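2 protein chains.
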Amino acid sequence: MDFPPVFWELATDWYQISMLGGYFHHKKVDQIAVFDLFYRQLPNHREFIITAGLEQAIEYLTRLRFDPEAIEFILAHPAFKQYPDPEGFRAYLQAFRFTGTVLAVPEGTPVAPNEPILEVIAPLGQAQLVETYLLCVIGHQSIVASKAARIVQAAQGKVVIDFGTRRAHGREAGLLGARAAYIAGCSGTSNVLAGMLFGIPVVGTQAHSWIQSFPTELDAFRAYVETYPDNNTLLIDTYDIAEGTRHAAQVGKELQQKGHTLGGVRIDSGNLATEIPRVRQILDQAGQKTTKIVVSNDLNEYKISDLAKREPEFLADIFGVGTEMIVARDDPALSVVYKLAEIDGCPCIKLSSGKVTYPGRKQIFRTKDGDVLASGEEDLPGRPLLQPVLVNGTLIAPLPELADIQQYCLEAMKTMPKPLTVTISPNLTNLVEILTAKYAQIKPKGKHK
Amino acid sequence: MDFPPVFWELATDWYQISMLGGYFHHKKVDQIAVFDLFYRQLPNHREFIITAGLEQAIEYLTRLRFDPEAIEFILAHPAFKQYPDPEGFRAYLQAFRFTGTVLAVPEGTPVAPNEPILEVIAPLGQAQLVETYLLCVIGHQSIVASKAARIVQAAQGKVVIDFGTRRAHGREAGLLGARAAYIAGCSGTSNVLAGMLFGIPVVGTQAHSWIQSFPTELDAFRAYVETYPDNNTLLIDTYDIAEGTRHAAQVGKELQQKGHTLGGVRIDSGNLATEIPRVRQILDQAGQKTTKIVVSNDLNEYKISDLAKREPEFLADIFGVGTEMIVARDDPALSVVYKLAEIDGCPCIKLSSGKVTYPGRKQIFRTKDGDVLASGEEDLPGRPLLQPVLVNGTLIAPLPELADIQQYCLEAMKTMPKPLTVTISPNLTNLVEILTAKYAQIKPKGKHK
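Line order of the protein sequences matches chains A and B.
Read in order, the letters of the first sequence correspond to residues 1 to 449 in my numbering.
Read in order, the letters of the second sequence correspond to residues 1 to 449 in my numbering.
Be aware that a few hints might be false.
Same chains, same label: a pair holds when it works inside one copy or across any pair of copies.
Listed below are the simulated BS3-like cross-link pairs for lysine-lysine, each with C-alpha atoms no more than 30 Å apart in a straight line [unchecked claim]:
no.	residue 1	residue 2
1	K253	K81
2	K292	K258
3	K418	K292
4	K438	K355
5	K258	K303
6	K303	K355
7	K292	K438
8	K438	K158
None of these hints come from the bench; they were simulated from the model.
Keep in mind it's a predicted model, so treat the numbers as computed, not measured.
Whenever a hint applies, use it, and build me the whole structure from the sequences.
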């Protein structure tokens, strides 16, 4: 299915382009800069953030080019009317490639505020230009993965499936949200494209419109299993849940006689805490003990936990979670920022209240007692989280498969220090103090835009 | 900039595909169905929703095709292992085109819950398949446009600019969010691609990293205006706002001597209610009366209204709004649904408590006293909101330009009935009663998934 080409190199803030033009004019594009990407504050009700989106960030950096049409659009902007060297800047954009080095915390790692998720070391022009896209792609997937982690935890080992695409912020947010949710432990998605591109198991049930389009519910169930005798979950709440369950059980018996099985039933309304045991009982009594119960209906971690309390046998097998997970409804944006840490070999610092940055290149060491944020040249006990991914613009090793990222993430959440505290190494503290003294009189206050 | 091709025809829930396979197998794909797309409940703090996303919905419907690779992915799914007629279904998918008719409320119209935003009249297989994508693209842009409308209103005629891409749910959400925000009255965006694709004015200022990368703030300001003598907004809060303003004013004077002007200054931190008048005074006293004041820093409609109260002269000229608008932070998802209203000529109804649907084809008549939701064949006083856009798969007229949609939207908000009440016409009420009596014993309860 074809769409017109989109110039994603322009999916950035205009000031990245105008600053790039300025750096080029003032011969600063090639000063080596170090930028950190991190988040400032935990979203509501979160104890950590699961990093996600690195694969898409790296794909962007390695493919970044300016198409001729994009360049002409830039140079036609009113700001470039008096630009001193349009031909030089055009040539710079034509030759533009990302040639920098990127260190990253592996996807699926729980991280705390102020811990660098990415460290970008690149010529200033390149490092600055990529800010917006990197923030957007990492911020989005990390916020969804972090919400999904909570939902998966609430499900206590039961299966959680992403059903969110229809309520996502567009088709791409649905696709990449499915990816992020899978990283944090979801078992599958309803998003077919996420299955094709990322290998996530693709699952689904039926809509009420299927049931409504047949004369009776039993007709609708029979027609469905005739088409899909070994891959079927029947939606039992279109008319009456108990009656729907009996119809499903009857179809299950008919399937058994032909050597097939009724895979599952889905409940999408009603009081789940009372409906689930009733449905289980009807199915069991009709000999449909292997039939799974899928539940949905605006679920989130609170509703699932509540269900576990109110329905202590916790008989549902699969939770289909949509809106609440795909938009991280209770706090849908992460305070991701991208800050200059070093320029031309000189470490930078900001001192604004509540907006501290840490200077220079850094490393995070994870120990069982907590993380230590250190200067880049330090070698401390613990696992160093920042690992090189791109070196001089080139991927140094294939990125991990998504299923491996999920496994790593689940393990990392199990073994992470709890709570996830961060202490600053003596060396880094010392550097902060030296720079604080140096900058004490000019007190930087702002933040990026 | 190239990315691998993406099979957006698969950006849908798996159950749309499995139901399509079922409808094909049971020879129901060509029964004519009518589906309504509407939202059930107002998001928190909203009095109406501004519709947006129609252009992207229509683009999808008119381009929808199944690539051979996408078809093979579908047929390789476990559900299709025992599928009775894979060759027939493959041929159906190969020939798939959307040949239906779509009526839509024009983009930029304020609508109430339960009012159809789209009415899709198409062969059942087609009408069902497109559900997920349509919900996602209309829901996303409508939620952003509706948030933007509130922010623009709070700004009382001052300029509002979208600065949100970095906090959007991915690059596409940033792009289309910029489009939605513009529809509801924003004057521009920082998103360069939104400028290129949609003609939205593209604006920007500077990052603190620009200031930090020069030895002094004054050096940084002078360098910037040397590059952009007639298109410049200087960020004055990196070190000290008053001092930054004096530096900017000095650069403004230097520009004046060369026949140029200082366009603006931006404040991105601090107590805006006290900083803005102080900055205005310093600029005015230095003869920089035309220099605009741009403010940003996690703004939303509440903070802007509060600023208008606490700083009664309301001296800021331009509000740069990011996170809060692009993710509609206080309620980031719209309860959009897509419901069967008629199948094979028979109107359908659902009776679940709180989940009522209205049967058959419909029309909305807008009068100054409120809306009337009527049956499709009725002709009542007022402006009919649902207008044909696609007829038998073909666009009947070019879609409006984005600037015209914005103008229409601003006018529609001014002239809309307040509050936006909806009454049901006697004919439609009558039809509901007839169907209620008919279905009374089976009481449908569920909703789609």
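Problem - Earlier hints that do not hold, by number - result: Checked against the structure, the hints that fail are numbers 3, 5, 7, 8, while the rest are satisfied.
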